[in-house]
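Enquirer: Next come the chains, spelled out residue by residue.
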Amino acid sequence: MARLLFLGKLADLAGGAEREVAAGPLDQVLAALEPDLALALLDERVRTALNGELVGERALVLGEDDELAFLPPVSGG
Amino acid sequence: MARLLFLGKLADLAGGAEREVAAGPLDQVLAALEPDLALALLDERVRTALNGELVGERALVLGEDDELAFLPPVSGG
Amino acid sequence: MAADVRLCTAAFDHAAELERFARAHQQAGGVVSFLGQVRADGAVEALELQHYAPLTLPGMEALGAAVLARWPLDGLLILHRSGAMLPGDPIVLVAAAARHRRDAFAAADYAMDHLKSESWFWKREKAGGTWRWVEPRAEDYADKARWG
Amino acid sequence: MAADVRLCTAAFDHAAELERFARAHQQAGGVVSFLGQVRADGAVEALELQHYAPLTLPGMEALGAAVLARWPLDGLLILHRSGAMLPGDPIVLVAAAARHRRDAFAAADYAMDHLKSESWFWKREKAGGTWRWVEPRAEDYADKARWG
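Protein chains in written order, with the working numbering: chain H, 1 to 77; chain B, 78 to 154; chain L, 155 to 302; chain S, 303 to 450.
Only chain H is shown next, with the shape it has when bound in the complex:
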């Protein structure tokens, strides 16, 4: 299994801050999610971090125990 993390408002949409998913290609992982959540995750302003490192590439394959975080636009300070 792999883990998806949802930051900020994405957690509201996902109904939780994280979710266990089957390992495998990211496009297959997303296709198995609720369509509105998958669409929000694909927003070009949403950045991703794989195991704590930012990744620009979306053509990922999630391995066992991988953690992929979805990071919407920030609003700090």
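Read the hints as simulated data drawn from the structure, not as lab findings. Don't take every hint at face value.
[What the hints assert, rightly or not] In silico contact screen, one side only, chain B against chain S (beta carbon under 8 Å); selected entries:
hint	residue
1	126
2	129
3	146
4	150
5	152
[Stated by the list, open to error] Here are the simulated DSSO-like cross-link-like pairs (lysine-lysine), alpha carbons at most 30 Å apart as the crow flies:
hint	chain 1	residue 1	chain 2	residue 2
6	L	298	H	9
7	L	298	S	446
8	S	446	S	425
9	S	428	B	86
10	B	86	S	446
11	H	9	L	280
12	S	425	B	86
13	S	428	S	446
14	L	280	L	298
15	L	277	L	298
16	L	277	H	9
All C-beta atoms in this analysis are idealised placements derived from N, C-alpha and C, irrespective of residue type, glycine included.
Fit chains B, L and S to the known structure of chain H by using the hints.
Expert: The following block gives chains B, L and S in isolation, referenced to the frame of chain H:
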């Protein structure tokens, strides 16, 4: 008598922060001072305040109990 | 000299932090600080900041290093809260100590612009009993763009 | 809202003043402050600021009013020492509280530039046992000129 006040480095030059002088036209008052002090007081960067109010005019006549302050360029903060 | 950069998960005492910072950098003539606090304007009942541990503090540390590389400072402090806050609570404190006043102003200003628009925080506010995620403002990006 | 402007003839506690100011203006999201302190760099042994009572505080008050007229602030604090000081002692504290960060930065920056170049203070420093009057620097006038 009138009083001259010397601020900042002018006090060092005058040997004191203030000096009693005979009332009368300012040019006569200055003429009675040490020449190097008079010269320093006439520097165009030195502003003057008569009885606490800034005055632009140097053609003053000092009356009894008048206080004329000589204000060299400031250096605060 | 390294920046003092901290991600605070509990309330911090901004006055004590600034006092300590100014005392530690008495060779600097000037200290500029920015304090951001939860507005006590009656509208917002609570505020929550979320962070992402693997990125947030490292990002703040990189910002600190960038600021130190850009201006000749004697000291730099960057504190940022995460977690739940109430009106009046400090959110962020940035302080820059420098020999020259203009450097301290520019450094603090730059650090705030970049914390606002680039740091890995997500903010939501509670108003009228309802939580709402705060979207980044165009103004925040424009502020950052001033620095080229 | 009037500015809190004070000419201090004895040491002031800058951290306590800023704490009080921030607390009094919790409706403002941001507080920018500038603290100027006597540099403890080993060179200067003491510093003395002289003021001229009929002009100095009224001039600071006029500056406070000008800053409030120029930026939408929630609060403005201007404290300036006169008298004898030692290394590490606070000389000046300016703080601006505003809803918008940029206003607070600009207001504090402007107030400092004008305090430096326009306020009725004369400064001398003691170094190597000798007192020396500090001349205004061209830089100070240039800083002020930025504001048009």
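Enquirer: Each hint: holds or not?
Expert: The hints, checked one at a time:
The restraint placing residue 126 of chain B at the interface with chain S holds, with a minimum CB-CB distance near 6 Å, inside the 8 Å limit. Nearest Cβ of chain S to the Cβ of residue 129 of chain B: about 3 Å, under the 8 Å cut. The hint holds. The restraint placing residue 146 of chain B at the interface with chain S holds, with a minimum CB-CB distance near 6 Å, inside the 8 Å limit. Annotation: interface hint on residue 150 of chain B holds; nearest CB of chain S at approximately 5 Å, less than 8 Å.
Among the interface hints, the one on residue 152 of chain B holds; its C-beta lies about 5 Å from the nearest C-beta in chain S, closer than the 8 Å criterion. Under the criterion of a C-alpha separation no larger than 30 Å, the hint pairing residue 298 of chain L with residue 9 of chain H is consistent with the structure, at around 23 Å. As the CA atoms of residue 298 of chain L and residue 446 of chain S are separated by approximately 25 Å, the hinted pair is consistent with the 30 Å bound. Annotation: proposed proximity of residue 446 of chain S to residue 425 of chain S holds, straight-line Cα distance about 19 Å (limit 30 Å).
Between residue 428 of chain S and residue 86 of chain B, the direct Cα distance comes to roughly 14 Å. Compliance with the 30 Å bound is thereby established for this hinted pair. Simply put, residue 86 of chain B and residue 446 of chain S have alpha-carbon atoms about 23 Å apart, close enough for the 30 Å limit, and the pair holds. For the hint linking residue 9 of chain H to residue 280 of chain L, the alpha-carbon distance of about 14 Å falls within 30 Å, and the restraint holds. Taking the CA atoms of residue 425 of chain S and residue 86 of chain B, the gap is about 9 Å. The hint holds against a cut of 30 Å.
At roughly 27 Å between alpha-carbon atoms, residue 428 of chain S and residue 446 of chain S fall within 30 Å of each other, so this suggested pair holds. Distance hint between residue 280 of chain L and residue 298 of chain L is fulfilled; the C-alpha atoms sit about 27 Å from each other, no more than 30 Å. Taken as a hint, the residue 277 of chain L and residue 298 of chain L pair is honoured in the structure, with Cα atoms around 19 Å apart against an allowance of 30 Å. For the hint pairing residue 277 of chain L with residue 9 of chain H, the CA-to-CA distance comes to about 9 Å; that is within 30 Å, so the pair holds.
Comparing the model with each earlier hint shows no violations; every hint is respected.
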